[in-house]
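S.K.: Take 0 as the starting number for the sequence shown in numbering that gives the first Met the number 0 and just add one per residue.
With a Cα cut of at most 16 Å, we get these calculated EDC-like pairs of lysine to aspartate or glutamate:
hint, residue 1, residue 2
1, K118, E42
2, K217, D233
3, K118, E37
4, K299, D159
5, K217, D243
6, K299, E160
7, K118, E39
8, K118, E47
9, K34, E47
The calculated label-pair distances, taken between Cβ atoms and stated as ranges, are:
hint, residue 1, residue 2, range
10, Q175, E145, 35 to 43 Å
11, R334, G97, 42 to 50 Å
12, A293, L213, 23 to 31 Å
For the record, the hints were derived by calculation from the structure and aren't laboratory data. From the three backbone atoms N, C-alpha and C, an ideal C-beta is built for every residue, glycine too.
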Amino acid sequence: MQRHLSKTFILTALYLFLGFGIAQAADSPNPVSYKTVEIEGVEIFYREAGNPDNPTILLLHGFPTSSHMFRNLIPALADQYHLIAPDYPGYGFSAMPGVDEFDYSFDNVAQIIERFTDKIGLDNYSMYLMDYGAPIGFRIAVRRPERIEALIIQNGNAYDEGIDNDFWEPIQAYWQDRDAINQGLDNAWWRNVKEAYKQPAMANEDALRFLLTLGATKWQYTNGVPDVLAVSPDNWGHVQPLLDREGNQEIQLQMFYSYGTNPPLYPAWQAYLREYQPPTLIVWGQNDEIFPAAGAEAYKRDLETLDFHLIDTGHFALETHGEEIAGLIRNFMLRNSDARRAAENP
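Start from the sequences, fold in the hints, and give me the full structure.
M.R.: Shown next, in the form of structure tokens:
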């Protein structure tokens, strides 16, 4: 009974929090709508604002957050742009099927988001890629290059330099642990066992579970920020209860493991950049210890023209420099629109 009441209280609090956001949006000159759509049997929550006839920007969030990270950017741009920000399965207010019911991999999540864009009728759009949003967005870009009008990359990695640091050591060790088990127990009997029990105990798993704690969540938001008092505690107040839901740690561990599928795809993503030369804006928190500035600099190798900005902040740059980034996006999108019109009407 107590456990049931606890769950009920948490869900009620989350919906009240969301409802408060709706009430706030109604008073905004650029109101935000909160919607859901079913993709392959999974309810996907998303935020939408702006006139659909205006250029669309698809906002793809990072870990451990959700579309919540764009709560201020969306109304700031909605007078001139159409903004769409989905929550991935297992994140934010999207459905959270268990690891035995859903394939929590970057391949599958990217497929879900691609089908999400089809379902809501997005034909051409720019993408804002942050953290997990980069491997999801680059998968879509490689498959559907004709749809991508521009890229806005904020601490979203596509190069080995971006993960060559201490933060990634326990994660890379976890990849090796899981790979060793998968390779050493590769027969029909063990495949059945692994299917029934997706999370074998491993030495490096505890280090990753620490990344799901409140202390680690606060660290992600405040590390590298010159003035930590500028970061709203609403962030971890929103994120941590979602991470603490029963079964969510297993989802995050699956995604940590699946991140190991991204570095082998870096050459394909870099080839996409070289071939298609999408107009690209880099706005990167240069003090980020997760994806350091070397990952931003690496984009210069493959993009002939690049609007490049390093910002004196950490991983979640929007929290401290949201107005500055919104201004950079406006200027970038305007120049890109002018260039596209000039090319179409020489």
